[in-house]
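Now for the letters of each chain:
2 protein chains.
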Amino acid sequence: MDKPEILPRLDQIDPAFTGDMDKAEAQDCLTDFRSRLLHLHELLYADRRYAVLVILQGMDTSGKDGTLRHVLSGLNPVGTRVFSFKTPNDEERAHDYLWRVHRNVPPRGSIGVFNRSHYEDVVITYVHGQIDEAERNQRLEQIRNFESYLVQNRIVLLKFFLHISREEQGERLAARIRNPEKMWKLSASDLSERPHWDKYQLAYNEALQATHTADAPWIIVPADRKWYRNCVIARQLALALESLDLRWPDAPVP
Amino acid sequence: MDKPEILPRLDQIDPAFTGDMDKAEAQDCLTDFRSRLLHLHELLYADRRYAVLVILQGMDTSGKDGTLRHVLSGLNPVGTRVFSFKTPNDEERAHDYLWRVHRNVPPRGSIGVFNRSHYEDVVITYVHGQIDEAERNQRLEQIRNFESYLVQNRIVLLKFFLHISREEQGERLAARIRNPEKMWKLSASDLSERPHWDKYQLAYNEALQATHTADAPWIIVPADRKWYRNCVIARQLALALESLDLRWPDAPVP
Chain Z
1 MDKPEILPRL
11 DQIDPAFTGD
21 MDKAEAQDCL
31 TDFRSRLLHL
41 HELLYADRRY
51 AVLVILQGMD
61 TSGKDGTLRH
71 VLSGLNPVGT
81 RVFSFKTPND
91 EERAHDYLWR
101 VHRNVPPRGS
111 IGVFNRSHYE
121 DVVITYVHGQ
131 IDEAERNQRL
141 EQIRNFESYL
151 VQNRIVLLKF
161 FLHISREEQG
171 ERLAARIRNP
181 EKMWKLSASD
191 LSERPHWDKY
201 QLAYNEALQA
211 THTADAPWII
221 VPADRKWYRN
231 CVIARQLALA
241 LESLDLRWPD
251 APVP
Chain S
1 MDKPEILPRL
11 DQIDPAFTGD
21 MDKAEAQDCL
31 TDFRSRLLHL
41 HELLYADRRY
51 AVLVILQGMD
61 TSGKDGTLRH
71 VLSGLNPVGT
81 RVFSFKTPND
91 EERAHDYLWR
101 VHRNVPPRGS
111 IGVFNRSHYE
121 DVVITYVHGQ
131 IDEAERNQRL
141 EQIRNFESYL
151 VQNRIVLLKF
161 FLHISREEQG
171 ERLAARIRNP
181 EKMWKLSASD
191 LSERPHWDKY
201 QLAYNEALQA
211 THTADAPWII
221 VPADRKWYRN
231 CVIARQLALA
241 LESLDLRWPD
251 APVP
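Protein sequences appear in the order of chains Z and S. For the first sequence, position 39 (counting from the first letter as 1) is numbered 39 according to the numbering used here, and the numbering increases by one without interruption. For the second sequence, position 123 (counting from the first letter as 1) is numbered 123 according to the numbering used here, and the numbering increases by one without interruption.
Simulated from the structure, these hints should not be mistaken for laboratory data. Cβ atoms here follow ideal geometry from the backbone N, Cα and C, with glycine treated the same way. Don't take every hint at face value.
Unchecked claim - Quick look at which bits of chain S chain Z covers, simulated, 3 or more residues with Cβ under 8 angstroms:
(1) 90–99
(2) 142–152
(3) 182–189
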């Protein structure tokens, strides 16, 4: 396997980074790449050789739902599947932890989006001491093998880590508390997890480094500015699809 | 990973082997181990820490259905799941080949039986030239990783290869043709695949050798004598369960 480009540590990336882009430019970027995406999605569906699996991972309030709404909600629901990973239920807990993940891997011809993913099983569990370091490391290796298997089977992985600052999270949580239209998004765990911020950053950084492979590299998205985040994700997704040499299949009847 | 014991080549094992056992002894063996199995299955179900996955693989007429009927049909259906792998349907074909396999991996506390399995995806496909040697070898590696992951997640694998001779297959096919009560079992592929016997033996031997690991070793069962086959499988299954240190859990309410 090729070595991927080196992934910076999380603390080396400014969550408020926007390059030299301003908000208006970012909105043009989103509009542009979203329309390319609509076309590419149709082509992916017709071609049927590849599936695309988008993984959205990040701290609470980092913008996973917002990304879905702004970047992906324009896609044709035929050929699009979103799966949100919650705390495992009884049936899921009786199975190996990748069971529910593999079940929801999209079929070829479609785009699947994981809102949270198997990375919760190596980060949350580890931060809370439900698994020790040896088991965490074993899981990281299992995940590398699993993802490599998927890519070898023509499931293209796009793993986005939405990187926000602790301050930005504070403001977003405060907005949820203040604003009646956002209050429903607030969960008890948003507040109880916040004191573990540093442990989460460390555990995420280790998980990202260990699973950043040539086949399935991580893309760390500075996400304090939602407009910049949306532009980056729409662009990466469109470019990944463009790189697939998708083509309209021949007519089924000659 | 420990090295497993060396697996003999298929052509080194006599399919009619029965050791020094006669039919009456084999039936006692089956009765004995089946009753131990009933008890162990209940314990497995109560304990909930392990799942057992039995894989039955072999040439057509090698006795997969007969094994299910004679060895496993006494088990409590609660906590037992049989999955028979057929030619993949449209939905399954749109997914990676282990998708339908992983979906059907049993939850902890239960015994799952695969009548055929992912080994069809490295044997049939290879014999018929649908995948080349490079892809076959890549799949064998993927299967090793997948099985190793399952075992690490407390899913005990018991992989049985039911080994019959070409002559015995000929007789069993003839019986299906002659006997109105067996005719329904005959499929067109039973006859069209028979000329490929040698290619299948070779492809099976390579697949078995490549996936015989310490975690998930193969058990080659001489299967020309059904009574011997049943005794071996019942015994291996009971011994595997006995080695698991299963225990009755504490009362949920103190």
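Status of each hint after checking the structure:
1. 90–99: n = 7 at 8 angstroms, threshold three: holds.
2. 142–152: holds (count 6)
3. 182–189: violated (count 0)
Hint compliance for this structure: hint 3 is the single one not met.
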